[in-house]
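Protein chains in written order, with this note's numbering: chain A, 1 to 342; chain B, 1 to 490.
Derived by calculation from the structure, the hints in this document are not laboratory data.
Where is the CB? At the ideal position from N, CA and C, for every residue including glycine.
Some hints could be false.
What the hints assert, rightly or not - What follows is a list of derived Cβ distance ranges for each label pair:
{"id": "1", "chain 1": "B", "residue 1": "Ser-372", "chain 2": "A", "residue 2": "Ala-46", "range": "21 to 27 Å"}
{"id": "2", "chain 1": "A", "residue 1": "Gly-142", "chain 2": "B", "residue 2": "Asn-346", "range": "42 to 48 Å"}
{"id": "3", "chain 1": "B", "residue 1": "Thr-465", "chain 2": "A", "residue 2": "Ala-46", "range": "52 to 58 Å"}
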Amino acid sequence: MGAVATSEQAAGAWTGDVVLRVVDLVKHFPIRRGLIQSLRGGPVPAVRAVDGISFDVRKGEIFGVVGESGCGKTTMGRTILRLIEPQSGHIFFEGRDLLALPSNEMKRLRRKMQIVFQDPYESMNPRLNVYRIISEPLRIQGVVKDGHEAVDLVSQALVDVEMTPPEEYIYRYPHELSGGQRQRIAVARALVLNPDFIVADEPVSMLDVSIRGEILNLMLRLAKEKGVTFVYITHDLATARHICDRIGVMYLGKMVEEGNTEDIVKFPLHPYTRALLNAVLIPDPSKRGLQSVMAGEVPNPVNPPSGCRLHPRCPVMKGICREKEPEIIEREGGHKVACHFA
Amino acid sequence: MNGETVAGQAAVQPAPRRKRSGIADFWAQYRRRPYGLVGLVMLAMYIAVALAAPLLTPYDPRKTEFFLADRLAAPIWARFIIPRFRNAPPTSRYTIHPDQWKVERQERASLSFEEAGDRGETAVIRFEPSVEGGGGARSELSWKVHYGFNPPNTFEGKVTYRVEAPPDGMTRLSLVIVDPEGKEYDIWGTAVYGEQDWTTAALDSRDLQMKTRLNMTIFDDPAKVIFSTKGDYRLVLKASSESPSAEAKLFLAPAKFNILGILHGLLGADHMGADLWAQLVYGARISLIIGISAAVIGVALGTTIGIISGFLGGPVDEFLMRVADVFLSVPTLPVLIILSAFLGKNMWNIVLLVAAFSWMGSSRVVRSQTLSLKERAFVEAAKAAGASDAYIMVVHILPNVLPLVVANMVLMMPVAILYEASLSFLGLGDPRIPTWGRMLQNARAFGAFTELAWWWLVPPGLAITLLSLSFTFIGNTVNEVLNPRYRERS
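Full structure from sequences and hints, please.
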């Protein structure tokens, strides 16, 4: 976890193009105990979904957060937007600590930060039409009053996500749209406030492979043309490699490796990253191998393993891994890794 | 999906496609369910009856319209199915206008007609002054009526008269019924000394006065004895005067004579001779108003509490649900009895009380639905846009729990109706309004059970049952259509 940093210290090395800085973010979900157990005392057991994570996201880049299911990446994405309140840590957005902001300023700041959810079938109220769904942030933020003032803005957002002509879609209901169209609507909704920063939480994992590329290219285009910063959360290293500028690899609530996409993919330092890369299907069957795919399941995050959290599954495990938790250390070119043997 | 090609087609496609309306969709599914349709037809009939109540019955049970018939009179159609009512009398009402009297006998008296202000035309009998030793003047008027039924239980009448005579004059007036065999029954009489202004004398076959005048015991029934045969009866008004000093005058306004029927109307009469069909028809209004308003208030309350409880969670949830538990575990009817006794007999009190004890079920259902809804991504999306809790509850949670709420509301209505009926049956209802519960309460209290007056007992009970049944049919069908998850339950 490292030393607990104060606001000033953590914000210290602030370089101009950093939009988001996360410092020692911790989110534990306490587990409800029965009456007898809670009388017995002792520490309340908790799911350590996010257990001390730090990283920077620069302006206009797409930062990928990659990890297996249950490693805490979704929790982290929501915590960044303060949809979940963290236990401790700091989240600096454009230099301001979100966790210290009063609720009215936080509400105003939400214009600049938006989220796209994983499941396009869940993320829309089935009783609202496309116009109402997309214009909702505008109404909540008081940009427009209720009514049809927002038609132009909504139409523009639809055009931005390549749903043209907008009038074809604007009064439809979610159940009349395909999954890919719904996800475009979700992106349009996130875009309508002209945000600087979007958390995309597995935006393509529920979509057909044929549509994934369209949504990913849409994100790429938005990042390039509009300078929108993305945190792209995914379990799929292949898509991350396709669109991300930098990638962070998470395992059991910890960041184990972070660096430029190039470095991560070509020269992975952490055994877990290597295992993830091996799990990616390679188009050429003759080059496929089953070597060093990681054995076993992700351990229970309530009781993470001692020392390095990967050690029960790690192919290069030595004695030290069981006792000492590796710090995340920067190697050359901003490539960081948390492994004793990297 | 490509921008240019679709844009090209847009010129051809005129209007944006709209979603098929939710109600049309709902109806398309609803109409396929026979129970739902039966319930709807039944409810429509109830509503039609409630709305058309003034057209369906000439009587208004909110006014005191008593003695339309004999007590516990059976319905008219009972004569076709029950032998003992085959020739039972319906109610006969007669108004005897002054000019309908036939002069039977006049001694030193004369009859003429005269307008008497607001009383209209009156008959005037002038009696000459009595002479020494020669006796008084007398007059006999008769009116004929045919009676062709079995003996009635009751007859009643009204005689309105005025006497203008010198202070030493004495005027006698009596009413005699002459049966077809010529037997006379002296049912009423009076003597007036000097003058008397307009007076209405009411006579009733149940009065002890008449029975003693006829030399009967209190257990005899003059109506049965007098109208024991069929044929032409005569009502004879005998008047006489002894007025030594001057002429005496007797004025007669229209008189009334009623034979109260043992058969009456579509559903007979209650213990006061009030029309039961009118009570049943107007009772539909009250039951529907009470049922619907209590259910709407109760379910609205339950929905609000459920959403707040489910969405806010934590101590608020804990508190509200414990309150709901308390309300659920309190036996409702005894509490309703006590509270309605305290708050007074008023329809809206009952509505509010029933509503206050019927929100718990819907609040639990709504809460559990809210718990699942608030974890849905669209709620989080609204939060990410900066929405307040109130906004999310109103815009995102409420419309999604409404289907559940609607079904709950319809299913709540029979419960509210039954509570109202129970309270009224126990005598805690509003005595001024006709409800089915009150009909049953009166039936119990005034001898419908002991005399097996099924026409008084069965209709309100059946009306409550069928209305509850129709609401249950509709509610279950709505539930099946809107909440497919509950399909297995019903």
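Here is what the structure says about each hint:
1. B/Ser-372 / A/Ala-46: 21 to 27 Å: Between B/Ser-372 and A/Ala-46, where Cβ atoms are some 24 Å apart, the hint holds.
2. A/Gly-142 / B/Asn-346: 42 to 48 Å: holds (46 Å)
3. B/Thr-465 / A/Ala-46: 52 to 58 Å: Because 57 Å falls inside the window, the suggested range holds.
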